[in-house]
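Participant: The chain contents come next:
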Amino acid sequence: MTDIPMNTMVRVAAHPRRDIGLKARYAAERRFRIYGMLAISVGLAFLAIMLITIVTKGYTAFWQTTVSLPISFDEKVIDPSNKRATDPTVLIKANYPKLAEKALIAKLGINPDDKPSILKLKGFLSEGARVQLRNIVAADPSVIGTTRDVNILAAANLDSAFKGQIDLGVEEARRKVSDQQIAWMNKLRADGAMAEHFNTGLFSYGASSRPETSGMGVAIIGSFYMMVIVLLLALPIGVAASIYLEEFAKKNRFTDLIEVNINNLAAVPSIVFGLLGLAVFINFLGMPRSAAFVGGLVLTLMTLPTIIIATRAALAAVPPSIRAAALGLGASKMQMVFQHILPLAAPGILTGTIIGLARALGETAPLLLIGMVAFVADYPKTPFDPATALPVQIYMWANEAERAFVERMSGAIIILLVFLMAMNITAIVLRRRFERRW
Amino acid sequence: MNIMTEQSLENAVGDKMNAKSNEVIKMRGDKVGVFYGDKQALFDVNLDVRLNQVTALIGPSGCGKSTFLRCLNRMNDTIDSARVTGKITLDEEDIYDKNIDVVELRARVGMVFQKPNPFPKSIYENVAYGPRIHGLAKRKADMDQIVEQSLKKAAIWNEVKDRLQEPGTGLSGGQQQRLCIARAIAVSPEVILMDEPCSALDPIATARVEELIDELRQNYTIVIVTHSMQQAARVSQRTAMFHLGYLVEEGATDKMFTNPDDKRTQDYITGRFG
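Line order of the protein sequences matches chains X and R.
Quick note on our numbering: the first sequence kicks off at 701 and runs consecutively.
Quick note on our numbering: the second sequence kicks off at 5 and runs consecutively.
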């Protein structure tokens, strides 16, 4: 090549450029990117609005105002006729609010004979003080006759006022907290007697008509029971059904029909499952209403299609070469499935199950129909006792008007979201960790 | 291609291996037909597989050679729509007979696949799996010995002996295929079926596997499907040519590559079609 003199080389004239629409193509690509970014931005904006609203409304639910009072467990108030040795109901029926009121009067330095002022104290402390003090005495009757500092719950309205959620610009008659109460509140705040503490009650109390003594304890236990039931029933049934359909059943019209029906079931509105549960489990089989067991059964029905679809996809994703290898060695079909296919599909099955469970955890409508929207104050000891569920608790609090309930509702939403996020993150981590490349 | 046939011609003239009186028929196909649904993929194939010989199945894509191979250990059973007619015998026993257990058959007739397909488990586990499910080793020491022997027979022991607990999928393609051969050997089969075992391998790995096939012939009967004429000529003693689902011709490899009876075989071997 290098020997050829330059002048013999033919110089090719610059070829005229064809218009192959490059500009338009790049412009189209740019537009598409912008559409994509717009779509994501809109989604993120709504997510941000939702989260900010919930968090700003709900974070205060995790704090509860209490008044630290030196309660003297006066025998004259608790057991005036000294009958507690023979009649245990005395300790239960005793006038405990009186103890709290007395302590508060002393603390505020009000004249015990100043009846109008004492009347204004009504609604300052929570009615929950009765249970609070009764529990102390019940746990240790020897406390009678002594004095002890107790953090008495403030009433919901005072709690709201203390958190600055009540507009004091509104004239006194039209708000729930009087000027006098505000003044006392500020006095106690200055003393350090009235303060906010982490609201453990939000997690432990059952249903109550008073916001300050209502919590999600029953709902958490109910949801926990249901998740356990769903996991115990839906996972084995779903996996067994998937393995049979995917690996053993002949592919024919009938299995096609089953497949269509499973996909259909996954899309059936959950309220329909609730009606089914009501008709079959409660009305026909006579199971108890409002019970977590029935809720778990209904959610199992609802979760099964999700798990079956995810499991079948995971099984189908195991390459045929692994099946051929196992069968070629003389493994039986059962050995092939349980020793090779299932372990390889396990991460996918687990991910599908967790996502199904997360969906079941957030499900409300079917639970309303089987009576889990109930006022349940006591912890359900077994899954057959009345209980509620987390999303149902949110629904019930959303129906209440008080500011303190709105706050609790938002707090409950935060807790539910945290649970859901934890489950979904677990699913993603599992998928990442065990994802195989072939 | 022509060079190759001339080479083979010299071999054929050199040693007349065509007629051997003491050849034993290990497997025999008698009018084997295979249907996939309504479509017939294989027509009336009569083919003998001889003991301790390598039988090569050649022919253009879609000619039915893999289908026939998969009949020999009933891998076609795993396809719902597949139906096999005719008769295939192993040591004069009909393998499609009701009394024959397919699991036992596959332990006697092992298979190596086109793409290396080790289990995503350790090298040791890959080899030990077959003997374990068939209960061939009672103690750990026995199993260790089976694994070592199998890997040695598959000519891969030296490369993997220090990393038996590492995943089999981490080996190179050629090593994976030899691991798969070791895995097949581990259950002590009588016949080994190989479905284009070198098609996913480079020439060096291919040469090693071919060498191995020749060694294995001493103890096993081998049936190999291949697209490579040279490979068929190099490793096999007998060759069967398939075309469009029919067995065109079958005979000693030397004769097939030098003096085939059928025009189609001649054309295919010399590269005129296929």
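A few of these clues could be false.
Restraint-style ranges between C-beta atoms, simulated for each label pair [what the hints assert, rightly or not]: (1) Q44(R) to I1128(X): 45 to 51 Å; (2) N963(X) to E97(R): 30 to 36 Å; (3) Q44(R) to A966(X): 39 to 45 Å; (4) D166(R) to M737(X): 51 to 57 Å; (5) P1020(X) to E97(R): 27 to 33 Å.
Simulated from the structure, these hints should not be mistaken for laboratory data.
Virtual Cβ for every residue (Gly too), placed ideally from N, Cα, C.
Participant: Tell me the numbers of any earlier hints that the structure contravenes, in ascending order.
Facilitator: Of the numbered hints, just 2 does not hold.
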